[in-house]
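Asks: If you want the building blocks of each chain, they are given just below.
Protein chains: 2
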Amino acid sequence: MGETAYRIDNLQYANWSEKIFHQMREGRVDAVHVTIAYHETFREMVLNLEAWNTWFERHNDLIMPGRTGEDVRIAREAGKTAIFFGFQNPSPIEDDIGLIEICHQLGARFMQLSYNNQSLLATGCYEAEDPGITRFGKQAIAEMNRVGLVIDMSHSADRSTLDAIDLSARPIAITHANPHWWHAALRNKKDEVLKALTTRGGMLGFSLYPHHLKDGGDCTLESFCQMIAESASRYGAQNLGIGTDLCQDQPDSIVTWMRNGRWSKETDFGEGSAAAPGFPPMPSWFEDNRDFDAIEVGLKAVGFSSDEVAGIMGNNWLRFYDANFGPAEKE
Amino acid sequence: MGETAYRIDNLQYANWSEKIFHQMREGRVDAVHVTIAYHETFREMVLNLEAWNTWFERHNDLIMPGRTGEDVRIAREAGKTAIFFGFQNPSPIEDDIGLIEICHQLGARFMQLSYNNQSLLATGCYEAEDPGITRFGKQAIAEMNRVGLVIDMSHSADRSTLDAIDLSARPIAITHANPHWWHAALRNKKDEVLKALTTRGGMLGFSLYPHHLKDGGDCTLESFCQMIAESASRYGAQNLGIGTDLCQDQPDSIVTWMRNGRWSKETDFGEGSAAAPGFPPMPSWFEDNRDFDAIEVGLKAVGFSSDEVAGIMGNNWLRFYDANFGPAEKE
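Going down the list, the sequences are from chains A and Z. Here the first sequence stands for residues 1 to 331, numbered as in our numbering. Here the second sequence stands for residues 1 to 331, numbered as in our numbering.
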């Protein structure tokens with residue numbers, strides 16, 4: 001009899017509704033890390049927290065706020081889904097290092113150091129050049145380590161990511177991306193980066209966002225799970241999890257906001273194109289939170305043990321949450 | 001009989017008071033470009049505009065708002081000093097390209113693309129690496145060109161500065177710095193940069209801030225003026241002006257704010273040191289706005305013609321204002 005198998009999706013940005021919260025329960029998802037900032041300032045991010053407070057109040061039979069790994073266990077016992085907050089961009093801390101602790105106090109547990117473009121802290125994966133972590137970035141990493149706000153480099157450029165792994169005293173995460181050797185998208189991660197990440201105890205969450213998949217929305221479950229098997233042999237199954245990047249029910253105006261924020265007068269199509277500017281269709285075998293069983297079946301089919309499947313489906317993220325969401329231990 | 005000789009100081013950040021506005025008049029200063037942002041957000045910069053509106057209301061016998069070169073001539077006629085606004089950091093435009101035109105509408109005429117550190121647009125001179133102008137930076141330069149907000153690279157790193165000169169369709173400025181060959185401070189500018197700047201019609205304003213001076217506060221007027229003479233031979237006298245960086249009557253807490261903003265938990269001493277953390281003492285021959293006569297005398301003493309002296313003391317900046325503070329002409 002193994003340990004309890006938890007199910008965690010470490011990245012979603014859906015157009016939240018009671019319907020989706022019910023689907024989380026139907027899919028037996030114990031915890032979801034949800035994005036609450038793409039380009040938001042601190043104050044705008046707080047508006048998103050206010051919206052979540054309202055959802056927690058109205059739907060407290062389905063969801064609850066998550067702050068620690070223990071909350072995932074509490075959610076499981078209560079038959080709810082624990083919701084953890086994260087930023088895909090450091091925009092909510094603006095230019096103010098003191099906002100890192102404030103954001104942690106408000107519940108943020110992941111923060112990307114850059115989102116596609118250069119930030120005040122690090123370089124994004126769409127910039128032509130990547131000078132690595134900035135002066136402010138070095139201080140921000142130390143402060144994030146201190147308070148327990150996890151560094152996420154999903155949309156960052158390679159050198160900045162390697163620098164962050166090296167500079168951080170605690171393991172970091174790539175919450176939603178796939179290996180570049182499987183599908184050579186700009187957003188997918190080079191072998192060198194994934195080796196450095198996982199050697200230091202960092203976690204990779206596999207993405208189901210079609211632009212990150214081999215063959216896009218036509219990617220097969222078997223291909224996806226074989227890629228995970230190969231990743232396990234390269235990086236260790238214990239450092240792998242799921243971060244679907246599910247953007248369910250979002251209008252295309254949202255992907256335009258994600259890509260363009262307020263910085264661009266021209267339309268930036270990011271991973272899309274002028275001919276296909278919107279959200280791409282998801283693979284048929286993963287359309288919403290009810291479809292996690294399919295991934296579990298697929299992982300077993302490519303030869304993972306029950307413990308390995310439980311790790312990838314959630315237990316690895318839970319171990320990471322337990323270790324990294326609280327203050328650093330004093331030396 | 002030559003043209004009228006105007007006197008313009010293209011950079012000050014004093015602790016503004018009626019006393020200083022009187023000194024501007026005593027020194028016959030027709031226009032001053034004043035800093036209204038170091039790390040301020042848009043809203044915080046607007047608070048500084050509100051303070052200036054109050055000064056304009058109370059002291060309208062001494063100062064007036066400056067928006068165009070013509071306002072310098074109007075100020076001269078009226079016996080007032082025209083005040084032009086500028087930012088030493090792009091922090092007031094935050095992540096929003098639309099704020100560039102808004103800031104111009106509110107009177108901003110210069111904006112530095114970075115201040116010591118990496119910004120969203122460009123790299124500052126204290127960063128270890130300089131990748132040049134970012135994706136957002138390229139769009140911001142085009143928008144600044146369009147509306148007539150002058151690019152200032154005084155605190156930027158070399159490659160970013162060369163990129164900005166190259167990318168900008170209109171001449172740019174280094175409002176307050178000296179040549180690196182005269183005094184090898186990190187903030188002073190390399191010969192290569194000054195050649196590229198002035199070849200494209202850009203302006204250099206010579207700084208009187210002691211950290212930018214050979215021998216610091218002990219720098220002689222003769223040494224300063226000989227440096228200007230050598231600069232004229234290298235870069236053309238018509239591309240030179242004054243940008244004193246006068247921080248008159250400021251408490252040392254202000255230089256701490258300038259250097260540390262909100263980004264640093266450690267104390268960054270910038271051009272100072274732990275042993276000398278405050279504002280350095282000014283040279284005895286330039287302590288406030290009443291001392292411009294001394295510079296004029298010094299320039300004549302090193303052999304400049306009357307027209308050249310008039311150019312450096314203000315007419316070159318006025319020509320630059322006339323050409324660069326309005327919308328770009330349609331092609």
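I should point out that these hints are in silico values taken from the structure, not numbers from a laboratory. All of these numbers come straight from a predicted model, not from anything done at the bench. Please note: incorrect hints may appear among the correct ones.
Any copy, or any two copies together, can satisfy a pair, since identical chains are not distinguished.
[As the list claims (entries may be wrong)] Calculated pairs, EDC-like style, for lysine to aspartate or glutamate (alpha carbon to alpha carbon, straight line, at most 16 Å): (1) K138 <-> D96; (2) K195 <-> D288; (3) K19 <-> D61; (4) K195 <-> E230; (5) K19 <-> D249; (6) K19 <-> E222; (7) K19 <-> D288; (8) K138 <-> D218; (9) K138 <-> E266; (10) K19 <-> D291; (11) K19 <-> E287; (12) K214 <-> E230; (13) K265 <-> D96; (14) K265 <-> E94; (15) K265 <-> D95; (16) K265 <-> E143; (17) K265 <-> E101.
Asks: If a hint holds in the structure, say so; if it does not, say that too.
Replies: Hints, verified against the model:
1. For a Cα distance limit of 16 Å, the shortest separation of K138 from D96 inside one copy, 13 Å, qualifies, whereas the shortest one across copies, 25 Å, does not.
2. Taking identical chains as interchangeable, the C-alpha atoms of K195 and D288 are never at most 16 Å apart, the minima being 30 Å within one chain and 59 Å between chains.
3. Proximity of K19 and D61 under a CA criterion of 16 Å is satisfied intra-copy only: 13 Å inside one chain copy versus 67 Å between copies.
4. Taking the shortest Cα distances, K195 and E230 sit within 16 Å of each other inside one copy (13 Å), while across copies they are farther apart (55 Å).
5. In this assembly of identical chains, K19 and D249 lie within 16 Å of each other by CA distance solely inside one copy; the values are 10 Å within and 62 Å between copies.
6. In the homo-oligomer, the alpha carbons of K19 and E222 never lie at most 16 Å apart, since the shortest distance is 29 Å inside one protomer and 78 Å across protomers.
7. For the identical chains of this complex, K19 and D288 are intra-copy neighbours only, at 11 Å inside a copy versus 68 Å across copies, given an alpha-carbon limit of 16 Å.
8. For the identical chains of this complex, K138 and D218 are neighbours neither inside a copy (41 Å) nor across copies (37 Å), given an alpha-carbon limit of 16 Å.
9. Proximity of K138 and E266 under a CA criterion of 16 Å is satisfied inter-copy only: 12 Å between copies versus 32 Å inside one chain copy.
10. For the homomeric pair K19 and D291, the shortest alpha-carbon distance inside one copy (15 Å) is at most 16 Å, but the shortest distance between copies (73 Å) is not.
11. For a Cα distance limit of 16 Å, the shortest separation of K19 from E287 inside one copy, 14 Å, qualifies, whereas the shortest one across copies, 70 Å, does not.
12. In the homo-oligomer, the alpha carbons of K214 and E230 lie at most 16 Å apart inside one protomer (14 Å), although the nearest pairing across protomers, at 62 Å, exceeds that limit.
13. Within a single copy, K265 and D96 get their C-alpha atoms only as close as 27 Å, which misses the 16 Å cut-off; across copies the closest is 10 Å, which meets it.
14. In the homo-oligomer, the alpha carbons of K265 and E94 lie at most 16 Å apart only across protomers (15 Å), although the nearest pairing inside one protomer, at 22 Å, exceeds that limit.
15. In the homo-oligomer, the alpha carbons of K265 and D95 lie at most 16 Å apart only across protomers (12 Å), although the nearest pairing inside one protomer, at 23 Å, exceeds that limit.
16. For the homomeric pair K265 and E143, the shortest alpha-carbon distance between copies (9 Å) is at most 16 Å, but the shortest distance inside one copy (34 Å) is not.
17. In this homomeric assembly, K265 and E101 come within 16 Å of each other (Cα to Cα) only across copies, at 12 Å, whereas the closest approach inside a single copy is 33 Å.
The structure is inconsistent with the numbered hints 2, 6, 8, although it conforms to all the rest.
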